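Q: Both chains are sitting in their own frames, so use the hints and assemble them into the complex.
Chains A and B supply the protein sequences, listed in that same order. The first sequence begins at 1 in our numbering and counts up by one. The second sequence begins at 1001 in our numbering and counts up by one.
The reader is advised that the hints may include incorrect statements.
Mimicking BS3-like on lysine-lysine, the simulated pairs with C-alpha atoms at most 30 Å apart in a straight line are [unchecked claim]:
(1) 1253/B with 1265/B
(2) 120/A with 1253/B
(3) 229/A with 203/A
(4) 229/A with 287/A
(5) 247/A with 176/A
(6) 9/A with 55/A
(7) 120/A with 1223/B
(8) 208/A with 292/A
(9) 209/A with 267/A
(10) 88/A with 32/A
(11) 272/A with 208/A
(12) 132/A with 1253/B
(13) 1253/B with 88/A
(14) 1199/B with 120/A
(15) 204/A with 32/A
(16) 364/A with 272/A
(17) 120/A with 1308/B
(18) 120/A with 1245/B
(19) 287/A with 204/A
(20) 209/A with 291/A
(21) 176/A with 292/A
Not the full set, but computed from the structure, chain B residues with beta-carbon under 8 Å of chain A [stated by the list, open to error]:
(22) 1025
(23) 1122
(24) 1284
(25) 1327
Hint data in this document are derived by calculation from the structure and do not stem from the laboratory. Quantities reported herein were computed from a predicted structural model and do not represent experimental measurements. Beta carbons are placed, not taken as given, at the ideal position from N, Cα and C, and that holds for glycine.
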Amino acid sequence: MEMKMTMPKLGESVTEGTLIRWLVKPGDRVKKYEAICEITTDKVNAEVPSTYDGKVKELVVQEGETVAVGELICYLETMEATEQPQKKRYSPAVLQLAAEHGLDLDEIPGTGMDGRITRKDVLSFLQERDEKQRQEPMPSHLPIAPVQEEPQHDFNFEMGIPVDPIRHLIAERTLKSKTEIPHAWTMVEVDMTGLFRLREKLKKEFHKKEGFSLTFLPFYLKAVVESIKKYPLINSVWEGDRIVIHKGIHISVAMATDEALYVPVLKDADQKSIFGLAKELNVLKEKTIHKKFQPGDMSGGTITINNTGSFGSILSMPIINQHQSVNLTLEAIVKRPVVINDMIAIRHMANLCLSLDHRVLDGKICGLFLQHLKMTLENFNEETTIY
Amino acid sequence: MAVINYIDAITMALREEMEKDSRVFILGEDVGVRGGVFRATVGLYDQFGEARVLDTPLTESGLVGVAIGAAAYGLRPVAEIQFADFIMPAINQIVSEAAKFRYRSNNNWSCPMVIRAPYGGGVHGALYHSQSIEAMFNSTPGLKIVAPSTPYDAKGLLKAAIRDEDPVLFLEHKKCYRLIKGEVPDSDYIVPIGQGEIKREGTDITVIAHGMMLHNVLEAAEKLQDEGISAHVLDLRTLYPLDKKSIVDAAVKTGKVLIVHEDNKEGGIGGEVAAIIGEECLFDLDAPIRRLAAPDVPLMPFSPSLEKYCLVNTEQIQSAMRELALF
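Here chain B stands alone, though its shape is the one from the complex (with noise of 0.2 Å):
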């Protein structure tokens, strides 16, 4: 099995795709003849032609309300975000229309499109180009949020949501792309949307995880077990809707909680996977459930010394842990 980058899995996804199922097509800023200010879709252009791979303008809203149509009309559309920051002009597109297409149709219509959007800090690239955005769409019935940390589950995930009959947002870690490697069959393989997975196994505390944030968790776990404490760690993968049942059993593995995220604390995924564990096993809980998420500012600070600030760090997690295994 090869090792590849992140990024390189989910260019396998999309020609994968796009090879196997004609209605499957990409449109977005700079997609085409430039392969993606991110490379992602390096080579798609030359092997597909420009009628399957779209450089659209400037404008989210309009191309996310291209691909909802081209959606409606029996074609499988990839619209890609340039930077998950330029989603807001189009959150009418995929709130209002994307995502409740289904329902407002009686179901007689779905929208089968996916919106890729790299997301996330770490890299310099200040307010426009670091945001997480997973809390603004988190409560979206009719809407799948993906955001797999891996290269396998990227692309396994995207595979998933390619062939998904409903929207799904689909968040790629643009740090992650050219730091996380790992193996990638470069068979057909799926990773189904709505499960989490453990990615290590422990006793002493759970974390739970996403994105770049879980291989700084992963990276502290491996630091942590020279102490003696045991950690177990759990991908969420799927931010919406959550698995609820692998966030339960996670955490009554352990009894102490740790839940990890980039975006800001407040009204971030983690209050609502404590809220599941709160509802759901309480009495199995050993220690009040922890956040560690970034502090309550606009994300990221253009100044390194503030972005790295801003960022949580594997030494942040690594004590966040300790302590909670200590309690």
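This is chain A alone, in the form it adopts within the complex (with noise of 0.2 Å):
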């Protein structure tokens, strides 16, 4: 701010006064009484003290001029910004509160001390805003979600696929899969070539006997049946406050064609042998091709197999469905060299992969329960009966 200094009255009558030396040039910044320069009057000589803390603005009176008492000798420039309003001062919590909430604290009374917004006075505002907005509802002429714009397609470079009622519903049940059930995943490799050599030595003589092909699928099922015996809590389903242990094993068996992917369910796996699932498992083909499902042949599965395998696949990690905990996979059987007895050898080894639901089973019964799995698995050989 801009001051002005004024040739002060040195004694009782003295009217003026003679300025002899500025002590200061424009540009100096000068302390409260510091002396900016000497004047002399008919009674004294005397320095003059600046009034202000500041800096020399402007000399007015030059050096030898004599001018009167309370006449302009020069300008300061002060410091104080004075006219500025007082710096608000928050609390870190009220700091904190609002920028939490993305507040301006302008807007907010304040109760506290010369006026100090409280944490209680943030606090009350939005308690008041939020009460506020819960009993006035946006007014009923105005539309409630803001108009969202279409998006813009180029049938060009795009094309739109109408999506039917079966895809929908896959689009249902595996977003709620996905989004619902924990799933945590596994995997162990086997050693399949016991029961490759197995389906060699079986499938023609079977294919002329029962007129159909005699496929892994059956006592892959076979083997996922015994290791369910064994560990029966793979078989079960999550009900928020209790697991269901399904005493039955009904095999949801994912079943692909041209449209859409089929869940038809094997009934009673546990009390099939190889034949009986691979029978079954063919009719459930049947069906899948000539879409001649009847009711109940898509409900009711405990646990669901997918033979992935069957596309090459040798790893995936399928979604678990509803009412279930686990899925499992067979990937392709694939010829592998192998360490048997530190010897590298040519084995027909295959994955088998393993989602679960991780609010029912932990890692070391899906463990074991693939342990036993390969096991079974690995134990078929030439000797061994389906019938």
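A: So this is what it looks like as structure tokens:
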């Protein structure tokens, strides 16, 4: 702020003074009471002290000039920003709350000392705001949701496929499963050489006799059933406040057609021989191909098995079906060099992948289950009977 | 449940522990035939005999030293210092021996003993019978300091102290002895060492205190309720090590904290409590942490008017609380 320095009155009868010498020049900083110039009057020689802290702005009176008492001699610029409002100070708690809720503190009335905004002021401001919002829902003539712009499609580069009811259902169920069930995943590697040889030995004769092909799947189902019998918790479902273990083993078997994936259920798998399982699988396969399902064919499964290996997949992470706790896959059986007794051998190897509901199952029980499954599969050999 | 005095709760705890555990014994000046100058051990000499309630010479370093030896031998001594002010000759035994027993012996030995000491002013006891001594001991790892404010806590904490495997300095506010009454179950219970307790729930300001001051704070809080000021009151109960979680939780509750203690302000327990709050929850604070404590002069003056001046009273607490609430 610009302040005026004037010629001081240095005695009762003194009316004017002569400025002998400036002790400062424009731009100099001066402290209050610091001498800025020397003056002389009839009676006395004296130094004139600054009345402010500040900076010399302009010297008005020249050295040697005589001016009347009270007349302007120079301008000072003071540092104090006296006109500015006092800076508001906030407590850490208030600043924290304001930042958290994106509040403009100028809008909040302060009830603390000297109008300070207290933590309570902020909290009650927030509470009032929330109550207001609750009491006054959006006026009904305004659209509730902001109008969303239709996404622009350029059909030169994209092709729209209408979503049919089955796709819809698949989308809905997989989304529900994947979001509701905490999936965990694990995999084991199995030597299928014994089983491979067994099937090679049986398949021609089997086809001739039964009229359909003998695949690996019924063996796999058998091994799964035997392992579930050992670890029944695998065959269960999470029901919020309890875990329900199913008595029967009904296997949902994923079967794909060109259009969609179907998961018919092989009922009472625990009561069937390998042959029985093969026969039942063949029935379900026929039904899937011809889409001739009967009511109940698709429901009641307690565990899902997925023969992903039929496409050559060697690793998959299946989504668990609703009302079940695991989804098992059988990956492609491929010849691989493996080490047996410190020698390299060519074996038929396959991966088994397991997705599990971690609310029901833990790594330990699944590990034991897979260990048993692996052992059962590896124990199949040319002596195994299927009937 | 019976309503009994603070001092009777202490006697009850001593009797129960002595009945329960034959290793527990008492030693101190005038604790036997006389039953203690405050009568805390009254009846115990008759019940348990001179072998378990020992009158010692007037030598605090000696009686604490004997207790340390007995503790090392496998007994559970409860040493009484007649007035906390007299504990000074025993500081070497307490700080350099008892507190460091476990550490120095590489955890091979421990020192399960209790030192009971009546402290605090307001009883016209002048310099030798009024001091608060916690600040002299509360940076001594290995030594626990307990200072209950209610009869219930006194019994529960004393039993916990006697059963503790390490030395516990058990501070009893002598003004509480016959002034503070409360319900005390005659059942066997303990109050765990190291836990503060909310003695009053509130929303505007948090006040942290212990001992006799807690009662002044509660009285002030009651009066301020009529002015619409709601105080949240934490009783520290254990002074070393401090219950940091309870302190921080209580501070966060209102963001405005007043710490009250009877001892001198500078170097007192309040500074430590304030530091914990400053370190742990600065961004929840809505006001500077305040301390209300005795002036930094020798406590307590003999002159009644000066003694009154040195003791933080309910009115002072009330106005400090009001000021903080209005801040």
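Q: Against each hint, give a clear statement of whether it holds in the structure.
A: Consistency of the hints with the structure:
no.: 1; hint: 1253/B with 1265/B; in the structure: holds, 24 Å
no.: 2; hint: 120/A with 1253/B; in the structure: holds, 11 Å
no.: 3; hint: 229/A with 203/A; in the structure: holds, 28 Å
no.: 4; hint: 229/A with 287/A; in the structure: holds, 28 Å
no.: 5; hint: 247/A with 176/A; in the structure: holds, 25 Å
no.: 6; hint: 9/A with 55/A; in the structure: holds, 23 Å
no.: 7; hint: 120/A with 1223/B; in the structure: holds, 21 Å
no.: 8; hint: 208/A with 292/A; in the structure: holds, 26 Å
no.: 9; hint: 209/A with 267/A; in the structure: holds, 24 Å
no.: 10; hint: 88/A with 32/A; in the structure: holds, 28 Å
no.: 11; hint: 272/A with 208/A; in the structure: holds, 22 Å
no.: 12; hint: 132/A with 1253/B; in the structure: holds, 25 Å
no.: 13; hint: 1253/B with 88/A; in the structure: holds, 25 Å
no.: 14; hint: 1199/B with 120/A; in the structure: holds, 22 Å
no.: 15; hint: 204/A with 32/A; in the structure: violated, 114 Å
no.: 16; hint: 364/A with 272/A; in the structure: holds, 28 Å
no.: 17; hint: 120/A with 1308/B; in the structure: violated, 35 Å
no.: 18; hint: 120/A with 1245/B; in the structure: holds, 23 Å
no.: 19; hint: 287/A with 204/A; in the structure: holds, 24 Å
no.: 20; hint: 209/A with 291/A; in the structure: holds, 26 Å
no.: 21; hint: 176/A with 292/A; in the structure: holds, 27 Å
no.: 22; hint: 1025; in the structure: violated, 52 Å
no.: 23; hint: 1122; in the structure: violated, 32 Å
no.: 24; hint: 1284; in the structure: holds, 5 Å
no.: 25; hint: 1327; in the structure: holds, 5 Å
Violated hints, listed in ascending order, are 15, 17, 22, 23; each of the other numbered hints is respected by the structure.
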